[in-house]
Amino acid sequence: MSAAASITREQVLAWLEDVKDPEVPVLSVVELGVVRDVLLDEDRVTVEITPTYSGCPALQVMEEDIIAALATHGVHDVKVRIVFREAWTTAWMSDEAREKLRAYGIAPPLVSVNDDTTLVPLRRARIIACPRCGSHRTVLKSEFGSTACKSIHACLECREPFDHFKDL
Amino acid sequence: MDDEEVSAESSPPAAAIAGSAAQGPTSGVSDNPLFEYLCRLGDDRLVLGHRLSQWCGHAPILEEDIALANFALDFVGQASAFLALAGEVEGKGRDEDALAFLRDEFQFRNVQLVELPAGDFAFTMVRQYLFDAFDVLLLARLAQGSHPAIAGMAAKALKEATYHARHSSMWVERLGDGTEESHQRSQDALDHVWAFAGELFATDAVDSAMAEQGIGPDVASLRTPWEVTVRETLARATLVVPDEKRVVTGGRRGRHSEYLGHMLAEMQILPRSHPGATW
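Chains V and Y, in that order, give the protein sequences.
For the first sequence, position 113 matches number 117 in the numbering used here, and the numbering has no gaps at all.
For the second sequence, position 168 matches number 855 in the numbering used here, and the numbering has no gaps at all.
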């Protein structure tokens with residue numbers, strides 16, 4: 005039986021909610037905005053994804069996880085296509101997704117995307133609230149963190165170090 | 688390879704300049720300018736990304752180790768996208784891995800600037816800044832170009848390049864306007880790489896074809912805005928722009944310094960020794 009004949013785009017998107025970002029396991033690939041579209045034709049499901057960062061090593065894992073997740077729902081002819089139509093931005097992240105990040109201990113990206121190219125060092129430009137105590141008395145420790153999408157900060161109030169999901 | 692190790696002792700010897708005069712085979716530049724252009728875009732990033740990756744575990748402080756590894760990841764990721772497209776455009780069944788790992792030195796199209804050994808931290812940051820300042824200008828123009836896939840990749844890479852330029856300019860300023868030692872090392876690095884930076888703005892028939900089709904900018908026109916930005920940063924860093932009129936070219940046609948072959952030997956050995964290996 006052709007898989008795509010009996011399923012809908014919405015159904016596939018709902019299934020993909022179970023595929024988490026391996027590096028930020030509280031967010032699904034849909035919430036993160038990595039999944040850009042799902043295309044159905046007679047015998048194939050094509051999932052279009054876009055990388056968060058060009059070199060994101062999680063992309064390949066996400067691709068494999070998407071194929072595995074759809075297989076559990078009986079969809080076996082799946083193609084994952086990497087697209088660059090629009091550059092991924094943290095502006096696509098919903099308030100709900102931001103709150104999940106904060107609860108997980110990662111300061112979410114700010115709502116306004118930092119897209120100025122004036123090259124002002126970040127330490128002079130952004131105030132990031134501590135995800136644990138909410139204090140704004142925080143300092144940037146490193147613009148680059150454990151993954152491409154995070155920077156490292158410390159809270160002067162509760163003394164905890166924390167990650168921030170960078171605005172991009 | 689000993690001579691490829693990141694060294695805290697010295698910048699690459701000035702002999703690197705001699706490499707520019709080396710006459711070697713060129714790959715018979717392809718008659719497909721779009722393929723050539725995509726290889727240039729990809730190879731600059733691949734080679735610079737590999738040089739940056741050599742700092743992993745060697746950087747002076749942990750945060751910089753992480754930062755340089757992040758830079759490397761961005762560049763290799765960008766290279767992968769551009770080279771994948773190059774392979775499609777060429778239409779001979781080569782994918783990004785085949786282009787990265789199975790071409791020889793004279794088939795690489797990167798500028799010589801990016802293949803120079805990583806040197807000391809000052810050399811790495813000065814070279815990086817000169818490239819990043821160019822990259823921001825180039826990508827902004829490519830992102831508005833007429834080729835949708837290239838424009839999309841460039842828009843993505845531009846966001847990363849902005850982070851890179853911000854970080855490398857901060858270090859150039861800090862090291863240049865730092866201690867006597869850090870100032871001297873930065874000045875030496877600048878004196879050494881200035882002639883190489885000129886190749887970024889050298890144009891030929893491939894660039895003209897891309898400019899005519901509205902895909903990419905006339906890179907020569909980026910020189911002035913680049914110099915304005917770079918000179919401002921260097922002035923803040925108390926570094927003196929060398930009075931250097933020479934421009935070292937050749938990389939775009941496959942003529943490289945003595946360093947690229949050694950780097951590729953290290954970078955390519957696994958897929959060449961074990962073709963098709965997976966893990």
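Derived by calculation from the structure, the hints in this document are not laboratory data.
Computed from a predicted structure; not experimentally measured.
Take the hints with a grain of salt, since some may be wrong.
Claimed, not checked - Some chain V residues near chain Y, calculated using beta-carbon distances under 10 Å:
#1 Ser58
#2 Leu160
#3 Cys162
Stated by the list, open to error - Coverage of chain V stretches by chain Y, computed from C-beta distances (three or more under 8 Å per stretch; other residues unrestricted):
#4 59-66
#5 139-150
Yeah, the Cβ is synthetic: ideal placement off N, Cα and C, and Gly gets one too.
Each hint tested on the structure:
1. Taking 10 Å as the C-beta cut-off, the interface hint given for Ser58/V holds, the closest approach to chain Y being about 3 Å.
2. For Leu160/V, the shortest C-beta to C-beta distance to chain Y is roughly 18 Å, which exceeds 10 Å, and the interface hint is violated.
3. At a threshold of 10 Å, the smallest CB-CB gap from Cys162/V to chain Y is about 22 Å, leaving the interface hint violated.
4. Counting residues of the segment 59-66 of chain V whose C-beta sits closer than 8 Å to any C-beta of chain Y gives 3, which meets the bar of three, so the coverage hint holds.
5. Counting residues of the segment 139-150 of chain V whose C-beta sits closer than 8 Å to any C-beta of chain Y gives 6, which meets the bar of three, so the coverage hint holds.
Going through the hint list in order, the structure does not satisfy hints 2, 3.
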